[in-house]
Amino acid sequence: MSDLTTSAPAAAPKPRNQWLDVWAQFRTHKGAVLGLGFLAFITLFAALGPTLWGVDPGDLDIRNKDVRPIYHMLFDSDAKVSWAHPMGTDNLGRDIMANIMQGGRISLAVGWTAMILAVFIGTLVGVLAGYFRKADGLLMRFTDLVLALPLLPLLLVMMLLFRDPLRAAFGPENGIFILIVVGIGITSWMQTARIVRGDIMALKEREFVLAARSIGTPSRRIITRHLLPNVLSPIMVSATLGLATAIITESALSFLGLGFPSDFPTWGKILFDSVDRMTAFPERVIWPGLAISLTVLAVNYIGDGLRDALDPKIRGL
Amino acid sequence: MKLKTALMGAAAAVAFTPLAFAQEHDGVRGSSGHLNIIYWQAPSILNPFLSGGTKDVEASSIILEPLARYDNTGALVPYLAEDIPTVANGGVSEDLTTITWTLKEGLLWSDGTPVTAADAVFTAEYCMHPEGGCAQLSKYNGVENVEAVDDRTIRITFATPQPNPYGPMVGGQSPILQAAQFADCLGARAPECTDANFGPIGTGPFVVTDFRTNDVIQLEANPNYRDASKPAFATVTFKGGGDATAAGRAVLETGEFDYAWNLQLAPDVIQSMAAAGMGTPVSAFGTLVERIEMNLTNPSPDLPPETRSTAAEPHPFLSDENVRRALSMAIDRELLVEVGYGQAGRATCNLVPGPEIYASLDNTGCLVQDIDGANALLNEAGWIDSNGNGIRDKDGVELNILFQTSTNAVRQDFQALIKDMWDQIGVETELRNIDSSVFFGGDPGSPDTFEKFYADVEMYANNFDGTDPQAYLAGYTCEKAPRPETQWQGENINRFCDPAYDALVAELQQTADIDERGRIARQLNDMLTKDSMVIVPLVDRGRVSAHANSLGGVVLNTWDSELWNVADWFRIAE
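Going down the list, the protein sequences come from chains A and B. First residue of the first sequence? That's 1 in this note's numbering, and the numbers climb one at a time after it. First residue of the second sequence? That's 318 in this note's numbering, and the numbers climb one at a time after it.
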């Protein structure tokens, strides 16, 4: 990608950095800026929060169970609240704020890693299938095959085959992390591959690609210099959708007992654990639910803003 | 505090109901007016031989009666029979192959005709008909012949000696039908007799006046009931359907109904309903025990599948009894009950918590948590933290436990609590929860079944059917251990093996005297629990039902139908 940034002609009166243009365009999209702000906030909250808020999320304090969030004081002066637990505690007395921080770490890490893996595989397959006619049939039939695989039975089989070796090699938490990330990653790259392939097939017939080829540019260069930048926007969009799906899939897996151990909080698991007592303690559902939906919304807005910013036609070049 | 008050109030209410009954029932049939009962599962038939569903069995128990029922302690009480036949009174033969019942004198069906031994013979013929799919056929296991000696005497002959001959025509699941009404309903024609199945003629306190399938049953007092002063209620509406929450509200909060069956709700939910003051939740305990099972064999994934988790490889640390005992001592069972089951549970140290005759009542040592004692025990046994990582070890073996159970909110709460307790005695626990359908699925190909036990300890609940624990206790003999040769099937999932235990089980299978059976069963129970700590019982899980404050005489019974004594129910005067 560094070629792009240095491609401005040296003789031009005002050397303009292309990424500054992208940033300028991105800033005009209010939702995207807000989304970026929120994502930065939630990432810092999850990453730095536990060092500032030194409460162990797994600590049981059964005498202080069912503490309500501190804001309950406002409308119910008899509510059981405590400054030691500003967001309250659950039915076993675990601090909810510490759990949401720790859960955010896991959920975001799973989301990002699985998404990056899916986008990488999807783009690779899509570009190869779209550009090399010989590989097309084989790769796209393979995509269809994977598309037909149901995620849950596949993960069940993966659990069966790889859980013990991974647990022995990386420990229970990291082993499951790798398993889940790989499981989600390798079952959600197909849409990206199809979209990228379609765009690449249309692009490679365009004049600028023909021109590049006629001066002897090798395929590798054509792909990285001319094709990839032009398919960046669909990739970005599918990446944002992928992040959202990955976070939600991980929640569902944890609920089915296929995910992390039960004492290992993730946003989805906190949410599912709280559903039983939703009417009595709505805050236990609202906070993790809000964290999931706002993160997903923020990422979608960022994707939207990025697509506009990266599109030269909209940027007015 | 609120919880404690509510629990004590409920306990007091249970304790005082028989007293209230003695004081206030005026003894005139029909004087209490109308009774409303709600079952959140609606009865679809009133013939228990054609349906195994609890709702159908219990609804029909108001109308049909057996020779004897189990009371709330699990002891037999004669209903249509004059007394309970035993070897001592000559009712059961010395070789345990025949049992002879005598009917009470002057019994009448609700249509006014006399009850005779021929009705009992017909009932046996009805259920054991080769073409009929009798749902209660297991009650007639081993029956060779049922004959009427005279009008009031029934003799049942078994093919093999039966230490427990009280199967046929005993308990709510196996009542006596009227021969005249069901005469044309034998075998394949049984389901076609709609009128008889929807309105059986019985000997019970009430008679059906209107039956709407899966909805409502209207009943009135049986004019020919054997006790002229009962039932106290003139009419009954038996409503079915809805869900446990709605049924609980109808009795506890709004007072529309007088009795609600089996409220499977979270303890805090029942409490918030009971706070309305219209009714009282009552609980009773059966044999369902939530327990931790210790694996006596090594589940390490490094072992080949032929020997992993089999008797060939003893467990590296759980084969040490001191470790098992310390793990049990560290658990605060009262806390688990409070968090998970409330009124519907009580802490227990017994694998067989009831009936009373089989329960080892002096086995209460585990009820008090003893962290210091557990630590001392481990220190003494040489399990100390020699490498300073916070986990006890000995000869290079660390106390690292993999703890598995099925996916269920209460079980995951228990896991978190127990992990915390074990943490305090220097034992590291890794938790794993497995989808119930896989965990209890029994698939020999899956590594995650509870029988295969590829973990160090696991938690689940189990019970036994009926009141006799013989088959249940016989599940822990050596040859019942799941292993590759048995396709990983078998009840002895701990792989417990003690020749003394096997010998005692064999003795139990040949003993007929009820007190002697009780003694042996208690000894077997103690061998598995307090003597060896192979099984660590946690909570005896009971059943919660609710009755209106104005309804007296309710004695919740888990060994028979909940409506077993509906004839004694009455309205408490305002």
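A few of these clues could be false.
Claimed, not checked - Footprint (simulated), chain B over chain A, 3 or more residues, beta carbon under 8 Å: (1) 98-107; (2) 259-265; (3) 272-280.
To be verified - Just the calculated beta-carbon pair ranges, DEER-fashion: (4) A:D164 <-> B:D782: 35 to 43 Å; (5) A:D144 <-> B:S754: 43 to 51 Å; (6) B:E442 <-> A:I62: 55 to 63 Å; (7) B:E623 <-> A:L124: 39 to 47 Å.
To be clear, the hints were calculated from the coordinates, so they are not data collected in a lab. A quick note: this is a predicted structure, and the numbers were derived from the prediction, not measured. Where a beta carbon is used, it is the ideal one built from N, C-alpha and C, also for glycine.
So, going through the hints one by one against the coordinates:
Only residues whose beta carbon comes within less than 8 Å of a beta carbon in chain B count, and the segment 98-107 of chain A has 0; fewer than three means the coverage is violated. Interface restraint, the segment 259-265 of chain A with chain B: holds (3 residues with C-beta to C-beta distance below 8 Å; minimum three). Residues of the segment 272-280 of chain A lying with their CB closer than 8 Å to a CB of chain B number 4, which satisfies the three-residue condition for coverage. For the pair D164 (chain A) and D782 (chain B), the supplied restraint of 35 to 43 Å holds, since their beta-carbon distance comes to about 36 Å.
A hinted range of 43 to 51 Å is violated for the C-beta pair D144 (chain A) and S754 (chain B), which are about 30 Å apart. Separation of E442 (chain B) from I62 (chain A) is about 59 Å and conforms to the stated range, judged on CB atoms against 55 to 63 Å. At about 43 Å, the beta-carbon gap between E623 (chain B) and L124 (chain A) stays in the expected band of 39 to 47 Å.
Going down the numbered hints, you'll see the structure goes against 1, 5, while the others check out.
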